[in-house]
Amino acid sequence: GDSVTQMEGPVTLSEEAFLTINCTYTATGYPSLFWYVQYPGEGLQLLLKATKADDKGSNKGFEATYRKETTSFHLEKGSVQVSDSAVYFCALRQNTGNQFYFGTGTSLTVIP
Amino acid sequence: DVKVTQSSRYLVKRTGEKVFLECVQDMDHENMFWYRQDPGLGLRLIYFSYDVKMKEKGDIPEGYSVSREKKERFSLILESASTNQTSMYLCASSPTGTQFFGPGTRLTVL
Numbered sequence: 001g002d003s004v005t006q007m008e009g010p011v012t013l014s015e016e017a018f019l020t021i022n023c024t025y026t027a028t029g030y031p032s033l034f035w036y037v038q039y040p041g042e043g044l045q046l047l048l049k050a051t052k053a054d055d056k057g058s059n060k061g062f063e064a065t066y067r068k069e070t071t072s073f074h075l076e077k078g079s080v081q082v083s084d085s086a087v088y089f090c091a092l093r094q095n096t097g098n099q100f101y102f103g104t105g106t107s108l109t110v111i112p
Numbered sequence: 001d002v003k004v005t006q007s008s009r010y011l012v013k014r015t016g017e018k019v020f021l022e023c024v025q026d027m028d029h030e031n032m033f034w035y036r037q038d039p040g041l042g043l044r045l046i047y048f049s050y051d052v053k054m055k056e057k058g059d060i061p062e063g064y065s066v067s068r069e070k071k072e073r074f075s076l077i078l079e080s081a082s083t084n085q086t087s088m089y090l091c092a093s094s095p096t097g098t099q100f101f102g103p104g105t106r107l108t109v110l
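Here the protein sequences come in this chain order: A and B.
Heads up, the first sequence stops at 112 in my numbering, and the numbers go up one at a time, no gaps.
Heads up, the second sequence stops at 110 in my numbering, and the numbers go up one at a time, no gaps.
One or more hints might be untrue.
As the list claims (entries may be wrong) - Partner residues are not named here, just some residues of chain B that face chain A (Cβ under 8 Å, in silico):
(1) L41
(2) Y50
(3) P61
(4) G63
(5) S67
(6) F101
(7) P103
As the list claims (entries may be wrong) - Not close to chain A: a few residues of chain B, all C-beta gaps over 10 Å, as computed:
(8) V19
(9) L43
(10) K70
(11) K71
(12) Q99
(13) T108
Unchecked claim - Straight-line C-alpha distance at most 25 Å; calculated BS3-like pairs for lysine-lysine:
(14) B:K3 x B:K55
(15) A:K56 x A:K77
(16) B:K3 x A:K49
(17) A:K49 x A:K60
(18) A:K49 x A:K68
(19) A:K60 x B:K3
In case anyone wonders, no lab produced these hints; they're calculated from the structure.
Virtual Cβ for every residue (Gly too), placed ideally from N, Cα, C.
Sequences are here, hints too, so could you generate the full structure?
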C-alpha cells in the first residue's frame, strides 16, 4: 500500500544552519506530495506541495522537489530561524482519492 | 481563509464515559477526517466522510464511531472511553487536494 517514510528526529540545529529533512514514498502512479508543519500547541498547516514529477514546492524559504526517479520529496531550507522550530510531516495523496498518508513527523529545534 | 474549529482544546474524561469531539468547517468542503496523533506514530486516520451521512473506516476505527448529519460538522464519538484513547485528536477538511486542519483536542482519559 501507499506509505511515507521520513527521517527520524529529533533534529537540533543552530540558527542560520542548513536544513534537510528526508522523505521517501511508496505509491503506485503519480501521487501529490505535501509538507505540513505543526507549531507547538497547534494543528497542522500546509507548508508546500507538488503535484507532479520535477515540480518544486516552495514557501517561507523552504523548498522540496518531487523526484519520481528516487521517490523522494526532501525538505530543505538554506538558513533556519528559531521560529522554524516545529514538527514537520511529509504526506502523499493519490490523485484518484481523498485519503492522505502521513509520515511519522520530524521534530526540529533551532537554537540561537 | 478556511477555518476548521474543534469544540475543545483540552478534555479530561474518566474511563467508561461517552465522549463527543466536535469539528466544524466553514468552507463547504465535502470531505472531513478524524486523526489521532501519538508520539512516534505520526497521524493515524480513524474515520473519514466524503458526504453528509457517509462515512468510511480509516486505519484504526476500533473503539470509535462518527456522525455527519450536516455538511459542516463531523463528530467523533468514543462510546466508552479507555485510557489507551488518551491522545491528540485532529480534525481536517478538504475539497479535493489539500487538507486543512483544526487546532486539535488533547484528550486525557483517567
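Here is what the structure says about each hint:
Interface restraint check for L41 (chain B): the shortest CB-CB distance to chain A comes to about 6 Å, inside 8 Å, so the restraint holds. A distance limit of 8 Å between C-beta atoms decides the matter here; for Y50 (chain B) the minimum to chain A is near 6 Å, and the interface restraint holds. A cut of 8 Å between beta carbons decides the hint on P61 (chain B): the least distance to chain A is about 13 Å, and the hint is violated. Interface restraint check: G63 (chain B) against chain A, minimum CB-CB distance 20 Å, threshold 8 Å, status violated.
Taken as an interface hint, S67 (chain B) does not check out: its beta carbon lies about 19 Å from the nearest beta carbon of chain A, beyond 8 Å. Look at F101 (chain B): its Cβ gets to within about 4 Å of chain A, closer than 8 Å, so that hint holds up. Of the supplied interface hints, the one on P103 (chain B) holds, with its beta-carbon coming within about 5 Å of a beta-carbon of chain A, less than 8 Å. Annotated as non-interface, V19 (chain B) keeps its C-beta farther than 10 Å from every C-beta of chain A; the closest such distance is 19 Å.
Against chain A, the non-interface label of L43 (chain B) is violated: not every CB pair exceeds 10 Å, the least being about 4 Å. With a least beta-carbon separation of about 19 Å from chain A, K70 (chain B) lies farther than 10 Å from that chain, consistent with its non-interface assignment. For K71 (chain B), the condition that its CB be more than 10 Å from all CB atoms of chain A holds, with the nearest at approximately 15 Å. Interface exclusion of Q99 (chain B) from chain A breaks down, the closest Cβ pair being 6 Å apart, not more than 10 Å.
Every CB of chain A lies more than 10 Å from the CB of T108 (chain B), the least distance being 15 Å, so the non-interface label holds. The straight-line distance between the Cα atoms of K3 (chain B) and K55 (chain B) is roughly 22 Å, inside the 25 Å bound, and the hint therefore holds. Pair hint K56 (chain A) plus K77 (chain A) holds up; C-alpha atoms about 13 Å apart against a cutoff of 25 Å. Among the hinted pairs, K3 (chain B) with K49 (chain A) is consistent with the structure: their alpha-carbon atoms are about 20 Å apart, no more than 25 Å.
A hinted pair counts as satisfied when its Cα atoms are at most 25 Å apart, and K49 (chain A) with K60 (chain A) qualifies at roughly 13 Å. Proposed proximity of K49 (chain A) and K68 (chain A) is supported: the alpha carbons are some 14 Å apart, at most 25 Å. Restraint check for K60 (chain A) and K3 (chain B): satisfied, since their Cα atoms lie roughly 21 Å apart, inside the 25 Å limit.
In this structure, the earlier hints numbered 3, 4, 5, 9, 12 are contradicted, and the remaining ones agree with it.
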